[in-house]
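Taking UniProt numbering, the leading residue of the sequence shown gets 1, the next gets one more, and so forth.
Do not take every clue at face value.
[As the list claims (entries may be wrong)] Quick list of in silico lysine to any residue cross-link-like pairs, SDA-like style, CA-CA up to 20 angstroms:
#  : residue 1 : residue 2
1  : K201      : K360
2  : K662      : F638
3  : K266      : T461
4  : K360      : G292
5  : K72       : Y54
6  : K244      : I447
7  : K60       : D36
8  : K266      : A481
9  : K416      : T461
10 : K75       : D101
11 : K613      : A598
12 : K686      : S651
13 : K123      : G22
14 : K662      : I447
15 : K243      : K72
Source of the hints: derived by calculation from the structure; they are not laboratory data.
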Amino acid sequence: MADFLVIVESPAKAKTIERYLGKKYKVKASLGHLIDLPKSQMGVDVEHDYEPKYITVRGKGPILQELKTQAKKAKKVYLAADPDREGEAIAWHLAHALNIDVDSDCRVVFNEITKDAIKESFKNPRAIDMDLVDAQQARRVLDRLVGYSISPLLWKKVKKGLSAGRVQSVALKLIIDRENEVKNFTPEEYWTIGAEFEKDKKAFEAQYYGSGGKKAELKNEEEVNQVLATMQGDEFEVISVVKKERKRNSSASFTTSSLQQEAARKLNFRARKTMMLAQQLYEGIQLGKKEGSVGLITYMRTDSTRISDTAKNEASAFITEEYGKEYLSAKGQAKQSGKAQDAHEAVRPTSVARTPASVKDFLSRDQYRLYKLIWERFLASQMAPAILDTVTAELKNGEAIFRANGSQVKFPGFMKLYVEGSDDQKEEKDNVLPELAEGDFVKAQHIDPRQHFTQPPPRFTEARLVKTMEELGIGRPSTYAPTLDTIQRRGYVTLDAKKFIPTELGEIVHELMVEFFPDVVNIKFTAKMEHDLDAVEDGNVRWVEIIDEFYKDFGKHVEVAEEEMEKVQIKDEPAGEDCEHCGSPMVYKLGRYGKFMACSNFPECRNTKAIVKGTGVTCPLCKEGEVVERKSKKKRIFYGCDRYPECEFISWDKPVERPCPKCQSLLVEKRSKKGVQIQCTECDYKEETT
Numbered sequence: 001m002a003d004f005l006v007i008v009e010s011p012a013k014a015k016t017i018e019r020y021l022g023k024k025y026k027v028k029a030s031l032g033h034l035i036d037l038p039k040s041q042m043g044v045d046v047e048h049d050y051e052p053k054y055i056t057v058r059g060k061g062p063i064l065q066e067l068k069t070q071a072k073k074a075k076k077v078y079l080a081a082d083p084d085r086e087g088e089a090i091a092w093h094l095a096h097a098l099n100i101d102v103d104s105d106c107r108v109v110f111n112e113i114t115k116d117a118i119k120e121s122f123k124n125p126r127a128i129d130m131d132l133v134d135a136q137q138a139r140r141v142l143d144r145l146v147g148y149s150i151s152p153l154l155w156k157k158v159k160k161g162l163s164a165g166r167v168q169s170v171a172l173k174l175i176i177d178r179e180n181e182v183k184n185f186t187p188e189e190y191w192t193i194g195a196e197f198e199k200d201k202k203a204f205e206a207q208y209y210g211s212g213g214k215k216a217e218l219k220n221e222e223e224v225n226q227v228l229a230t231m232q233g234d235e236f237e238v239i240s241v242v243k244k245e246r247k248r249n250s251s252a253s254f255t256t257s258s259l260q261q262e263a264a265r266k267l268n269f270r271a272r273k274t275m276m277l278a279q280q281l282y283e284g285i286q287l288g289k290k291e292g293s294v295g296l297i298t299y300m301r302t303d304s305t306r307i308s309d310t311a312k313n314e315a316s317a318f319i320t321e322e323y324g325k326e327y328l329s330a331k332g333q334a335k336q337s338g339k340a341q342d343a344h345e346a347v348r349p350t351s352v353a354r355t356p357a358s359v360k361d362f363l364s365r366d367q368y369r370l371y372k373l374i375w376e377r378f379l380a381s382q383m384a385p386a387i388l389d390t391v392t393a394e395l396k397n398g399e400a401i402f403r404a405n406g407s408q409v410k411f412p413g414f415m416k417l418y419v420e421g422s423d424d425q426k427e428e429k430d431n432v433l434p435e436l437a438e439g440d441f442v443k444a445q446h447i448d449p450r451q452h453f454t455q456p457p458p459r460f461t462e463a464r465l466v467k468t469m470e471e472l473g474i475g476r477p478s479t480y481a482p483t484l485d486t487i488q489r490r491g492y493v494t495l496d497a498k499k500f501i502p503t504e505l506g507e508i509v510h511e512l513m514v515e516f517f518p519d520v521v522n523i524k525f526t527a528k529m530e531h532d533l534d535a536v537e538d539g540n541v542r543w544v545e546i547i548d549e550f551y552k553d554f555g556k557h558v559e560v561a562e563e564e565m566e567k568v569q570i571k572d573e574p575a576g577e578d579c580e581h582c583g584s585p586m587v588y589k590l591g592r593y594g595k596f597m598a599c600s601n602f603p604e605c606r607n608t609k610a611i612v613k614g615t616g617v618t619c620p621l622c623k624e625g626e627v628v629e630r631k632s633k634k635k636r637i638f639y640g641c642d643r644y645p646e647c648e649f650i651s652w653d654k655p656v657e658r659p660c661p662k663c664q665s666l667l668v669e670k671r672s673k674k675g676v677q678i679q680c681t682e683c684d685y686k687e688e689t690t
């Protein structure tokens, strides 16, 4: 019989840890929370200091009974749930259920599931941290008060199955506010003048900078013609050449947020998928009979960029051996964000010696891709800066000054291994200028004035929304993925080309929230609440005080909403056409993913159709129909004439509402990894989007 019982959350972890600890230890899994608030009711006594009413989670009774049986047989019980607030709360609940003194050294935490880390953690058990427990209780109770007060109202006033939450409501607000910015955006015309030159058989480009030594923006064609009128011929004098050396530092190792963002950019992973795969890498992967199950990365829920000295030293030795000493970083510890709790390290490989190539055969394709991303990011964070040689040359013709910029990687540093992705910037590449000196003359091969229009702010992708929420202090690392998942499952938003678009249902719910619960959707208020909740974790304030301060006003808002919120009638609108199956009128209905067309003779007739999405562009082929969005059998979006089959116009590229300014033909959006470029389908007109 084992002397010691160890309780973890996951069965996968249990097997790995039991092998590390040996025969005297028996490791069992709780499968998450065994004791929690009930699902059928709020479970918070607002009349008595917001006392939570905890119960055994339905279906978890046998697990809890088994743990009680095993605990009675063991000399000592160790509670080894995850090293975060949730894990501390699970340990606290188990301690009470198993009659373990919470002040005894019963709690064991580890940031990585490796033999050395596990053995070291069992040398240093501690008491349960009640500040962490209280912080979890505060968030749990607060979310219950908000969700279980507002959601039933939405069920009664709008439709069943809806919900509102402290974090999800703000996320929805951000998406709707951005959508309104896009809809209300008025494009402004602007122009650029580019010039192509050649010297010593090397071609290079320059852009108009200004006139008379001052930078100038060109707002219309008249201003462009004024500039061109001041120019004399095609010969330009080089009036300035400035050469500089620039350093580019590597990014810090991953936090939860930056991992989700980078996995979205580089691997096209949704936040939920990233966290699921990271959990698998953390809990342990079977690396053959010799090594067995090994945790490949450190704990993946963190807002810290801190790296342990042991990991740094291991990385330094690896970099020196593989790349050379000159590739080793001389910088100190990465600076922490002011909002970072720094509870444990950044997300990193548990051993840099386990290269992606060495473990590839033991991982699924997606596990491998994520591990490779984490491994490369960590190693790059410990490497030397890249050194770039930059050149800025100014060329003059008449009063017009053109500027050419060139850069070249002198020393790749961390860029030899890894370059961070970005939502907005293009990857830095060499752009080498020929040797230029003041007083040189070069001839322009081509001068190209171009018309552009400013673009609306971009809609949120998952990565951009996570980044924005983190910057605003909304939510915490563990909440980003479930929040994005919830607003999609509720039908409040859809993803179109990886960008969030609010549905009509989402806008209805948001309007009600703004009217009756303005604090819940107030970004500054929510960020302050996050800060106050963190203060509970730091032991600076009692959790009941935070909840009470919030609920005094919130409770009044709930009472007003119950009295004054009117029922929203989502009526079926006539679609203007008849059902092709039974001849009854078709109507528009509001479903989980927005509006769709359905037969009004439901349930006798169950015919439904997707709503055709117009583009506002007249068909360039028949000149009569409208170009509409369609989907192929493989769900790929394409564009065709709404008069099909009479008109067979088709395009894979999205049409632009305005015509080509050069020939009045159809403009389309050409999408590539570099971004979006608007091109004419007939002439050579092109314009870059900004």
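Query raised in the report: Straight-line Cα separation of K243 and K72 no greater than 20 angstroms?
Result: violated (75 angstroms)
Report task. Please work out if K201 and K360 have their alpha carbons no farther apart than 20 angstroms. Result -> violated (46 angstroms)
Requested in this report: Below or equal to 20 angstroms on CA atoms is what counts here, so check K244 against I447.
Outcome: Status violated; Cα separation ~28 angstroms.
Query raised in the report: K72 and Y54: Cα distance at most 20 angstroms?
Result: Between K72 and Y54 the Cα gap is close to 23 angstroms, so the pair fails against 20 angstroms, i.e. violated.
Query raised in the report: Is K686 within 20 angstroms of S651, Cα to Cα?
Result: holds (18 angstroms)
Query raised in the report: Would the pair K123 and G22 pass a check requiring their Cα atoms to be no farther apart than 20 angstroms?
Result: Holds, because 14 angstroms separates the two Cα atoms, which is no more than 20 angstroms.
Report task. Mind checking the alpha carbons of K416 and T461 for me, to see if they're no more than 20 angstroms apart? Result -> Since the Cα atoms of K416 and T461 sit roughly 28 angstroms apart, the hinted pair is violated (cutoff 20 angstroms).
Query raised in the report: Holds or violated: K662 with I447, Cα cutoff 20 angstroms?
Result: holds (16 angstroms)
Query raised in the report: Holds or violated: K360 with G292, Cα cutoff 20 angstroms?
Result: Cα-Cα ~15 angstroms, so holds.
Requested in this report: Starting from K266, check that the Cα of A481 is at most 20 angstroms away, please.
Outcome: At roughly 17 angstroms apart (the allowed maximum being 20 angstroms), A481 and K266 satisfy the hint.
Query raised in the report: Is it true that the CA of K613 sits at most 20 angstroms from the CA of A598?
Result: holds (16 angstroms)
Report task. Please work out if K75 and D101 have their alpha carbons no farther apart than 20 angstroms. Result -> Roughly 14 angstroms separates the two Cα atoms, so the pair holds.
Checked against the numbered hints given earlier, the structure breaks hints 1, 2, 5, 6, 9 and 15 and satisfies all the rest.
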